[in-house]
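Quick mapping for you: the protein sequence lines, in order, are chains A and B.
Just so you know, we're using my numbering here: the first sequence kicks off at 2 and counts up by one.
Just so you know, we're using my numbering here: the second sequence kicks off at 2 and counts up by one.
It is possible that part of the hints are untrue.
[Said to hold, decoys possible] Label pairs and their in silico Cβ distance ranges:
| # | chain 1 | residue 1 | chain 2 | residue 2 | range |
| --- | --- | --- | --- | --- | --- |
| 1 | A | Arg291 | B | Glu335 | 52 to 58 angstroms |
| 2 | B | Glu288 | A | Asp301 | 54 to 60 angstroms |
| 3 | A | Ser212 | B | Pro361 | 24 to 30 angstroms |
| 4 | B | Arg383 | A | Arg291 | 20 to 26 angstroms |
| 5 | B | Arg375 | A | Ser212 | 52 to 58 angstroms |
| 6 | B | Ser39 | A | Asp413 | 29 to 35 angstroms |
| 7 | B | Thr43 | A | Asp301 | 38 to 44 angstroms |
[Said to hold, decoys possible] Where chain A lies over chain B, by a calculated footprint (3+ residues, C-beta under 8 angstroms):
| # | stretch |
| --- | --- |
| 8 | 36-49 |
| 9 | 103-115 |
| 10 | 394-402 |
[What the hints assert, rightly or not] Derived lysine to aspartate or glutamate pairs resembling EDC-like cross-links, with alpha carbons at most 16 angstroms apart:
| # | chain 1 | residue 1 | chain 2 | residue 2 |
| --- | --- | --- | --- | --- |
| 11 | A | Lys97 | B | Asp84 |
| 12 | B | Lys74 | A | Asp84 |
| 13 | A | Lys223 | A | Glu254 |
| 14 | B | Lys97 | A | Glu146 |
| 15 | B | Lys97 | A | Glu254 |
| 16 | B | Lys97 | A | Asp437 |
| 17 | A | Lys460 | A | Glu376 |
| 18 | A | Lys223 | A | Glu234 |
| 19 | B | Lys74 | B | Asp108 |
| 20 | B | Lys460 | B | Glu426 |
| 21 | A | Lys97 | B | Asp98 |
| 22 | A | Lys74 | B | Asp84 |
| 23 | A | Lys414 | B | Glu129 |
| 24 | A | Lys74 | A | Glu129 |
| 25 | B | Lys74 | B | Asp301 |
| 26 | B | Lys97 | A | Glu87 |
| 27 | A | Lys406 | A | Asp437 |
| 28 | B | Lys460 | B | Glu363 |
| 29 | A | Lys97 | B | Asp301 |
| 30 | A | Lys97 | B | Asp90 |
| 31 | A | Lys457 | A | Glu426 |
Hints are computed from structural coordinates only; laboratory data are not their basis.
Where is the CB? At the ideal position from N, CA and C, for every residue including glycine.
There are 2 protein chains.
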Amino acid sequence: MLVGKASVVRARRVEPLLPAGVRDWFGRRLAVRRWFVSQLETLFRSCGYVPLETPALERLEVLLAKYGEEASKLIFRILHSGDFTEHVDEGAWLAKDWRRLANQIADKGLRYDLTVPLARFVARHYHELAFPFRRYQIQPVWRAERPQRGRFREFLQCDFDILGTESEEADAEVLWILEEGFQRLGLSDFEIVVNDRRLLEDLLSRCGLSSLFQTVCTVLDKVDKVGVRVVREELERLSISSEARDALFRYLEVGHLEELRGSGLVGEASVESFMALLELARSLGVEHIRWDPFLVRGLDYYTGMVCEVRLVGRGVGSVAGGGRYDRLTETFSEWNVPGVGASFGIDRLVDAVVDEVEVPDEWQVHAGVVVFDRELFSEVWREVSGWRRAYLGLRVEVLPPMRLKKALRVLDKKGIPFAILCGSEELSGGRWTVRDMRTGEQVVLSPEAIPEYLLKTLKGRKA
Amino acid sequence: MLVGKASVVRARRVEPLLPAGVRDWFGRRLAVRRWFVSQLETLFRSCGYVPLETPALERLEVLLAKYGEEASKLIFRILHSGDFTEHVDEGAWLAKDWRRLANQIADKGLRYDLTVPLARFVARHYHELAFPFRRYQIQPVWRAERPQRGRFREFLQCDFDILGTESEEADAEVLWILEEGFQRLGLSDFEIVVNDRRLLEDLLSRCGLSSLFQTVCTVLDKVDKVGVRVVREELERLSISSEARDALFRYLEVGHLEELRGSGLVGEASVESFMALLELARSLGVEHIRWDPFLVRGLDYYTGMVCEVRLVGRGVGSVAGGGRYDRLTETFSEWNVPGVGASFGIDRLVDAVVDEVEVPDEWQVHAGVVVFDRELFSEVWREVSGWRRAYLGLRVEVLPPMRLKKALRVLDKKGIPFAILCGSEELSGGRWTVRDMRTGEQVVLSPEAIPEYLLKTLKGRKA
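Pulled out of the complex, with its shape left as it was, chain A reads as follows (with noise of 0.2 angstroms):
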C-alpha cells in the first residue's frame, strides 16, 4: 500500500563499492555517451559497415599473440573454475612463480583490444566473408592498468574496419570516417594527425638502426613536449654512428613532405605514396589533418598509415587512433587479411565534452500520472498504455497511488516536468489536469489531447 518507506534494518553489511578503475553509467553522462554512439553506429552503417559483438571472454592465447609483453600484463585473466590447481607445474606452485603460474592457472582473459578479436573473427570466417569486409564493434574492453585520473580500467571502445583491401582509398575513407565522425559529433575543434610508419621504417633501416626501431621512435616522438634541442641531446647519448645521427637530426628538422622528397632518408615511394593518401583524403574533404613524423602509436601492428584524433585546447589527449594492419589475420590463419580501421575513445571523449556539449535527452520522462483514487488505477493505467502505443516518443510514468503532496514531491526530485492528475471527477468528466512542474500552472485537457499536448510544449524546452 505505502510507497516503499525505507525500514531501518541490522544485518552483516557489506559496502556497496566498486572495484578501484571502473564506474556505473547513468544520468547525463551516459545520456551524452548513447548519443555519441548513435550518432557514430549511423554514420557507420551509412557507409556500409555491419555490426559485430564478439564475446568479453577470449581464449589467453589468442589475446596473448599479438599485443607482446607489455600489454600481457595488462590483460585481465579469469581464474579456472572448480580446481585450479589441478594441472600447475609443481615447481612453479612451491617456488610461487606467479609469472609461469598465471598461464596455468587461467587460460582466459578479458578482451583488452576490438582489433584482436576482429582478426579472430575474420580468420575463422574466411570463406564466408566478402572482402572488402567492412564492419563496426562498439564494446567495452578491460585493461589492468594502474587507476588514475582519466584513465579506467573498463571501458568503451567504439572501432570501425575495412579489412581485405591494401587499396589507399580504404585508408582515405577511415580518415574521412573520423573527420565526419567528429564533426557529426558537434565537436569541430579538433586535429587529424597522421603519419606512415614506413618513412620512419624507411629513415632508420638507412641509418642501419632497424634493431633500434622502438628506442629511437620513443625519443623522436617526444619532440612535441620537450622540444628538439632535448630530443638531440637524447639521440648524442644513444651509441649509434654520427652518419646515423646526422640523418636523424635532418629528419627532425623536416617540417614539410615536400622537404622529404629527394632528401635522401626515406624512400621516394613511401613518400609518394603518403603525399598521394593526404591529397586523396584531402579531396574527399579531410580538412582537419596534419602531418606529424613522429607519430608511431604504440609499436605492435600498424604496418603503414597511423593517425590520431586531439581536441584542440585540451589536455585529453589522443580521443581516436587507428591505422593500418597488414599482417594482423596471419597469426591466426593461412590466409592473410590486410586491413586499416580506427576506433573511437568514445569515455574519454565524453568525460572531455560532457558538461558543454548539447544532446537530445531521450530519457527524460515527459509527465508522471498521479491517481488520486486506487479504484481509478486500472482506467488511468489503459488510457495511458494506448497513448504509449500511439506515441513512441512519449515517455509517462504512472505513479503508485500515493498523497498529492508526496507524489508532487517525487516528481520534482526526479525532475519531471509535468504531472497529470486524475481523480473521479477528472474521469467521469473527461478532464484530465495537466499541471507544469515548474510554473505551478494547469491547463484542463481532453486525455486523447494530452500526449500531443506534452510533446509540443516539450519540444522547445532543453531538459
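Take the given structure of chain A and dock chain B to it, following the hints.
Quick look at chain B alone, frame taken from chain A:
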C-alpha cells in the same frame, strides 16, 4: 591498387577459437537481437524507466553477499594482476586448498546478474534518487556453467525494476510490461505463470516445515513434469508428520485460488492480496496469465510475487522471469529499499525464434558504388557523402577501384541489392547507372534522384 589478395604466410599459428560457451554475434542473429532490444528499450522508456549501465567487474564481496554458495561456484573470478601469491595463506597454498585460495588470489569477479549490481547502485546513491525509482539495464552477464546446448557462459540480460515501493500496482506493472513486451516482439503465443512465495511460506510454516522450505519446494515444483502421483511418493519418503503430509497433498490438489480461500492451508491475507494482484493485472490488460501453485524461481532473494514467461509449444524453458524482492539492499546499506522487477532472457528468446521472426534489417547495405576510373573516386565520394548526410537511413558503400566483373561478384556475395556504376561518361553527363543485382536490369538516373529511388524500391522488398 589491387583489392586485398590474401597471400599465404608462414608463422607460428594460433587457432582462431573461442572459449567454450561463448559466441560471436553477427548477421541475422544479431539483427534480431538488436531489434528485440530496441523494442523493449522503447517500451521501458515509454513507462518512465531510465537506463543504467554498471561495470562487468564487481568486488567478490558484493557478488558473494547475495547469491549464496551454489551461485558462488558459478562466478568467474579475475586473477589479481601482478604477484597474486603475495598475500596468500601459507597453509592453504601448501595444501592447495583451492576453495580458500580462490578468494585470496582474486577479489573481483564478473557480474552474475543485473539485480545485485542494481542493489549496490541504489544503496550507494540512495540520497540522490527519488523513489519509486524505475531503471532498465541491458547488458551481458557471465556464469561459469558447464557449457551445453542452449546454455551459454555469456549472455545478454534485459532487466527492468521498480524500487522503493511495496504497492501492488508496481507488481502489476511488471506483469503488464512482460505481456506488452512479448506482444511488441511479435510473440503472442506465450504464458505468464505467476505465484506468490508467501503462499508456500504460509503452507510450510503451518506444517512446521519452514526449515525444509527448499527441499519441499523442489519436490512440489516437479509436479508439472512427473505428475501428482510421483510427487506424493517423494513426499512420503520425507520424514515429516502425517498431518503435514496431508496438508501438502491437499495443496497439490488445489486447482483454483478460490479453493485455497478458507482451506486453512495458507493465511487468508496472503490469498486475498495475491488474488487482488491477479485481478489488478488482468484489469490493466495482462491476458496471458496463469497461476502456478508450485512456481518458486530460485530460492534466494524473492520475497513475494514470482513470475516466469514460457513460449507455448517450444521446449526452450523460461524466456523471462522475475518477482518481488523486499530485502535486497539491506545487505549494502542501513536503508532497505523494496523492489520488484523482471528480466527478458533475450539470447534464449532470439535462439528460439531467429529463423522465423521477421525484423526490419537495419544493416542490409542498400547499394555498392563501383567507380570505373580511379581519378573519379573523390568526385563520386563527395556525391555519395551528400546522400549520407541527407538520408540518414541510407546505407551505401563505395568499393575501392576494381574491375567491374570482380566488383559485381563482391556485391553479389554480400547480398547487396543494387550496384551503382560510375565512369567518366556517367559523371560528365550527370546520368548514373543503377543496376538491380537480382534481375540485372539497369536504370539511368541523375545522382540526386538515386537515394529516393533506392529507399522507395527497397521498401517493399524483404532483405
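(message) Under the constraints set out in the numbered hints, which ones does this structure not fulfil?
(response) When the structure is compared with the hints, numbers 3, 5, 14, 15, 16, 17, 20, 24, 29 and 31 turn out to be violated.
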